[in-house]
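Q: One letter stands for each residue in the lines below.
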Amino acid sequence: MIPRERHVEYLLRLADSPLVLSHRLSEWCGHGPVLEEDLALANIALDLLGQARLLYQHAAALAGGDASEDRYAYFRGVPEFRNFTMLELPNSGVASAGAADPDYAFTIVRNAMYSAWALELWERLSRSADAGLAAIAAKSLKEARYHLEHASDWTIRFGDGTDASHARAQRALDSLAPYANEWFAADALDDEAAASGLGVDCAALRGPWLVRMRALAEEATLRWPEDSAFLSTGKRGLHGEHLGYLLAEMQSLARAHPEATW
Amino acid sequence: MNAMADPAAAARLETIRAIVGAIPDPEIPVVTLADLGILRDVLIDDGAPLVLLTPTYSGCPATEAIAAQAREALDAAGFADARVRTVLAPAWSTDWIGEDARRKLRDFGIAPPACSAACGARTPPACPRCGSGEVEQVSRWGSTPCKAHYRCLACREPFDYFKPY
Chain V
261 MIPRERHVEY LLRLADSPLV LSHRLSEWCG HGPVLEEDLA LANIALDLLG QARLLYQHAA
321 ALAGGDASED RYAYFRGVPE FRNFTMLELP NSGVASAGAA DPDYAFTIVR NAMYSAWALE
381 LWERLSRSAD AGLAAIAAKS LKEARYHLEH ASDWTIRFGD GTDASHARAQ RALDSLAPYA
441 NEWFAADALD DEAAASGLGV DCAALRGPWL VRMRALAEEA TLRWPEDSAF LSTGKRGLHG
501 EHLGYLLAEM QSLARAHPEA TW
Chain W
117 MNAMADPAAA ARLETIRAIV GAIPDPEIPV VTLADLGILR DVLIDDGAPL VLLTPTYSGC
177 PATEAIAAQA REALDAAGFA DARVRTVLAP AWSTDWIGED ARRKLRDFGI APPACSAACG
237 ARTPPACPRC GSGEVEQVSR WGSTPCKAHY RCLACREPFD YFKPY
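Keeping their order, the protein sequence lines are chains V and W.
All residue numbers for the first sequence refer to the working numbering, where the first residue is 261 and numbers rise by one.
All residue numbers for the second sequence refer to the working numbering, where the first residue is 117 and numbers rise by one.
Since the hints were made in silico from the structure, they are not lab data.
Even for Gly, the Cβ is constructed at its ideal location relative to N, Cα and C.
There could be a bad hint or two in this list.
Unchecked claim - Sample of chain V residues facing chain W (criterion: CB under 8 Å; computed from the structure): (1) Q311; (2) L314; (3) A395; (4) A398; (5) K402; (6) E403; (7) A446; (8) L449; (9) T521.
Work out the full structure, taking the sequences as your base and the hints as a guide.
A: Following this line, the structure appears as structure tokens:
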């Protein structure tokens with residue numbers, strides 16, 4: 261058995277990543293390169309938001325007291341968020357400081373990497389000892405499959421496309437790959453969750469994830485980047501400079517009108 | 117109380133099932149909550165009727181509207197004591213959409229889902245208007261999260277495809 265507090269912490273870690281990625285994808289709404297992609301990203305964002313909400317609701321029920329999905333999403337600060345660092349990076353790319361134009365290749369390659377990881381994660385979590393989490397995982401798995409198909413199609417089109425699209429997809433892959441290391445590096449909470457049957461052995465996801473990603477890169481005529489020792493720390497609450505801006509925007513309405521309902 | 121042993125209670129549950137089951141889907145009103153498999157069960161829990169609904173997609177914006185409509189319909193029919201609860205397991209599947217509902221979707225111009233996502237989401241649908249299998253996908257997402265947008269290459273008409281889930 262895992263203590264309740266740690267159980268909640270693990271669920272929040274699972275929830276924060278789809279919430280933050282959902283917000284990044286929603287920034288494309290009305291700005292997509294073509295109408296179909298505008299729709300696609302808005303709908304993927306909706307699915308991810310829905311997954312995060314289910315996880316927050318589950319965590320809140322377990323935590324009791326005044327915990328609620330809105331309190332988790334809108335009234336926690338940067339150090340309390342446990343999302344992976346990769347997902348808070350601006351759509352314009354790693355080194356852009358968030359000021360440049362959004363980059364569709366970066367958005368798509370990130371979605372491909374995350375969806376492929378999520379697929380492996382949800383598949384295993386659908387057998388979690390926590391029946392509530394297992395139910396959420398079984399739903400999310402169906403959605404992750406479709407998200408991966410979408411992102412894979414575009415990764416191939418970009419990689420195997422023009423010189424310009426190939427260069428941008430390769431640059432996205434090179435800059436994003438080191439941020440995936442965090443996904444497979446277990447810390448004490450991961451170990452505890454895995455040992456109790458609640459969570460997964462996150463290091464074990466790396467093999468199947470790499471097989472998927474290398475196959476996708478090959479089909480897209482992209483070079484899979486060399487291994488890197490870089491390790492981001494978002495899931496421990498130590499974030500880069502971008503998350504604060506993202507939360508400021510996402511939380512402004514709820515914080516200006518804390519009792520508002522809609 | 118065991119509803120099976122009490123005909124009046126069993127009849128009450130059947131009435132509730134009929135009321136909630138007949139509510140049209142807010143986004144695809146040609147089919148009902150029963151048709152789509154969103155209404156999972158009606159049972160007696162803790163001495164009162166309990167309606168179990170399941171969401172389609174995690175992020176489906178209609179989920180809350182559906183629960184609110186069920187609540188409203190129950191209140192209007194005098195079942196104020198009935199509760200509505202959302203259940204997630206087993207996860208909703210388009211395999212639960214029955215033959216009758218598939219026909220209704222097709223008549224409405226929406227190609228029904230071929231089979232569940234597990235058996236291959238890439239199986240192309242047949243055109244709901246002319247029946248041709250010569251179709252192409254225009255957009256992976258259509259007018260709602262659960263549909264993709266297609267075009268028939270035979271009759272040239274655009275149509276929605278209810279995606280396997």
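Q: Hint by hint, say whether it matches the structure.
A: Going through the hints against the structure:
| no. | hint | verdict |
| --- | --- | --- |
| 1 | Q311 | 5 Å, holds |
| 2 | L314 | 6 Å, holds |
| 3 | A395 | 4 Å, holds |
| 4 | A398 | 4 Å, holds |
| 5 | K402 | 5 Å, holds |
| 6 | E403 | 6 Å, holds |
| 7 | A446 | 26 Å, violated |
| 8 | L449 | 24 Å, violated |
| 9 | T521 | 12 Å, violated |
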